[in-house]
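Student: Sequence:
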Amino acid sequence: MDRPGQGPDGTVVVPAIDAASSVACMRSLGRRGIDTIGISEQRRAPGFSSRYVGETIRVADPSADLSAYEDAILELAHRSDVRTVIPVREADVYVLARNYDRLDDLVATAWPTLERLRRVQDRSRLFDAARSADVATPETKPLDAWTEWDDDVIVKPRYTVHAPEYSTDFDERRVNERSTRYVPADATPDQAAIVEEMGHVPLVQEYVPTTDEYAFFALYDRGEPVATFQHRQERAWKYAGGPSAYRESIDVPELDAAGRRLLGELDWHGLAMVEFLRHPETGEFLLMEVNPRFWTSLPFTVQAGVDFPYLYWRQSTDRPITTEPSYEVGIGGHLLRGELLYLHSILSEEYPVVERPSFSRAVRNVLTSLAREPRFDYADLDDPLPFLRDSHNTVRQLFGERDPSRDEKRRQESDPPATLALRSIGETIRGTIDRF
Numbered sequence: 001m002d003r004p005g006q007g008p009d010g011t012v013v014v015p016a017i018d019a020a021s022s023v024a025c026m027r028s029l030g031r032r033g034i035d036t037i038g039i040s041e042q043r044r045a046p047g048f049s050s051r052y053v054g055e056t057i058r059v060a061d062p063s064a065d066l067s068a069y070e071d072a073i074l075e076l077a078h079r080s081d082v083r084t085v086i087p088v089r090e091a092d093v094y095v096l097a098r099n100y101d102r103l104d105d106l107v108a109t110a111w112p113t114l115e116r117l118r119r120v121q122d123r124s125r126l127f128d129a130a131r132s133a134d135v136a137t138p139e140t141k142p143l144d145a146w147t148e149w150d151d152d153v154i155v156k157p158r159y160t161v162h163a164p165e166y167s168t169d170f171d172e173r174r175v176n177e178r179s180t181r182y183v184p185a186d187a188t189p190d191q192a193a194i195v196e197e198m199g200h201v202p203l204v205q206e207y208v209p210t211t212d213e214y215a216f217f218a219l220y221d222r223g224e225p226v227a228t229f230q231h232r233q234e235r236a237w238k239y240a241g242g243p244s245a246y247r248e249s250i251d252v253p254e255l256d257a258a259g260r261r262l263l264g265e266l267d268w269h270g271l272a273m274v275e276f277l278r279h280p281e282t283g284e285f286l287l288m289e290v291n292p293r294f295w296t297s298l299p300f301t302v303q304a305g306v307d308f309p310y311l312y313w314r315q316s317t318d319r320p321i322t323t324e325p326s327y328e329v330g331i332g333g334h335l336l337r338g339e340l341l342y343l344h345s346i347l348s349e350e351y352p353v354v355e356r357p358s359f360s361r362a363v364r365n366v367l368t369s370l371a372r373e374p375r376f377d378y379a380d381l382d383d384p385l386p387f388l389r390d391s392h393n394t395v396r397q398l399f400g401e402r403d404p405s406r407d408e409k410r411r412q413e414s415d416p417p418a419t420l421a422l423r424s425i426g427e428t429i430r431g432t433i434d435r436f
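According to my numbering, the sequence shown is numbered sequentially starting from 1.
These are computed hints drawn from the structure, not numbers from a lab.
Predicted model only: the values in this text are computed from it and were never measured.
Do not take every clue at face value.
Claimed, not checked - Under the rule of at most 30 Å between Cα atoms (straight-line distance), these lysine-lysine pairs were calculated in the DSBU-like manner:
| hint | residue 1 | residue 2 |
| --- | --- | --- |
| 1 | LYS141 | LYS156 |
| 2 | LYS156 | LYS238 |
| 3 | LYS238 | LYS141 |
To be verified - Derived Cβ-Cβ restraints for the label pairs, each shown as a range:
| hint | residue 1 | residue 2 | range |
| --- | --- | --- | --- |
| 4 | ARG261 | GLU177 | 28 to 34 Å |
| 5 | ALA192 | GLY33 | 25 to 31 Å |
| 6 | ARG261 | VAL329 | 18 to 24 Å |
| 7 | ASP186 | HIS279 | 19 to 25 Å |
| 8 | VAL329 | SER358 | 25 to 31 Å |
| 9 | ASP169 | ALA136 | 27 to 33 Å |
| 10 | GLY305 | ASP61 | 31 to 37 Å |
| 11 | ASP382 | GLY305 | 16 to 22 Å |
| 12 | ALA193 | ASP9 | 49 to 55 Å |
| 13 | THR368 | ASP221 | 39 to 45 Å |
| 14 | HIS279 | PRO384 | 41 to 47 Å |
Idealized CB from N, CA, C, for every residue including glycine.
Put together the whole structure using the sequences plus the hints.
Tutor: Following this line, the structure appears as structure tokens:
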């Protein structure tokens, strides 16, 4: 443990997860002289390397022991110097909401109550709220109520956290890490196996044939918007979708209206990322989900002009925010790791109902946008170590530890030239960072 911060306005706890949102919070607050405490289950979390983190603490992994992670949050909240906690993942906001009343006497509770959060982390309730707010959604039903399998569909968890407060089916609390499953037309899945895998009856949703993803981001204060932002996602970590690798700022009135109607219906308090797909034929925005915490592309949001971490801190310290901040429209930004993962997914993964892009065209698009819009989530000359650490972690994840026998086997394999080229780039990066 490093030296605790001594800032005049107290410290802010930031979970140092494997996402650029954590580093964005540390940089935004640290550059204004606001102390931060980075907490993580990872020894090599990128945020631990930032020059703007005042203190680092190892905690339990919430995906393995959510109760121990909760205890660590509560212990930190009792410290006299801690002003608030920033949620950057589902486990964070669930723990904070679950302990809303206990924490309200200790720190600023700039997040929803558990009852509000349930309407977001239970997607069935979320889609009910969307219908009440006149926000369009894809057709969605529980797995055991879906009878037509002659069209492409996706299967997704109903709950993002297995919380006994959400369902009597759950006798212990844990984060739901099961991802979306794509089911092609006429391929009736094994429903019992899916329920066993996901730990509950999941949802089936009609497949919207587009990767044209949009997001409405917001900070709300008891039902009223404090700040908002929009972006269109051009590329994700996977060619089928997921977290953002490259995105551009936009300002679409219909998107703004849909996001505000939904969050108004939810009487929202705190952070929210409202995700939509735009139907390729009707142009209608269809709700996918709401992430009730900071989003992975947060650094780009700050670069475009809306400094959400600082606004979150101002709200937490009762400082006035008189007008909604404006932002620059039509600019782009990258997560370099995400671009590498995107290309890797084209080479190595297959999704039954999503058309695989041309690898050569994808490489060309990535390089063109890098030259045209050189804004990056991690890479920052003022604070270079998080980028190096993240690159190191990513290359190890993709290509593993060095193993001479495996390297020899690879040389004997007949991999496509594109795969060999990408692997060569990754191993060059890994060698450079290992020397660092």
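Student: Hint by hint, note whether the structure agrees.
Tutor: Hints and how they fare:
1. LYS141 - LYS156: holds (11 Å)
2. LYS156 - LYS238: holds (16 Å)
3. LYS238 - LYS141: Satisfied, since the Cα-Cα distance of roughly 25 Å is no more than 30 Å.
4. ARG261 - GLU177: 28 to 34 Å: Given about 31 Å between the Cβ atoms, the range holds.
5. ALA192 - GLY33: 25 to 31 Å: The hint (25 to 31 Å, Cβ to Cβ) is violated, given that ALA192 and GLY33 are roughly 56 Å apart.
6. ARG261 - VAL329: 18 to 24 Å: Holds, since ARG261 and VAL329 (Cβ atoms, about 22 Å apart) stay within the stated range.
7. ASP186 - HIS279: 19 to 25 Å: holds (23 Å)
8. VAL329 - SER358: 25 to 31 Å: The hint (25 to 31 Å, Cβ to Cβ) holds, given that VAL329 and SER358 are roughly 29 Å apart.
9. ASP169 - ALA136: 27 to 33 Å: Holds, at about 29 Å.
10. GLY305 - ASP61: 31 to 37 Å: holds (35 Å)
11. ASP382 - GLY305: 16 to 22 Å: holds (18 Å)
12. ALA193 - ASP9: 49 to 55 Å: Cβ of ALA193 to Cβ of ASP9: about 52 Å, so the range 49 to 55 Å holds.
13. THR368 - ASP221: 39 to 45 Å: holds (40 Å)
14. HIS279 - PRO384: 41 to 47 Å: holds (42 Å)
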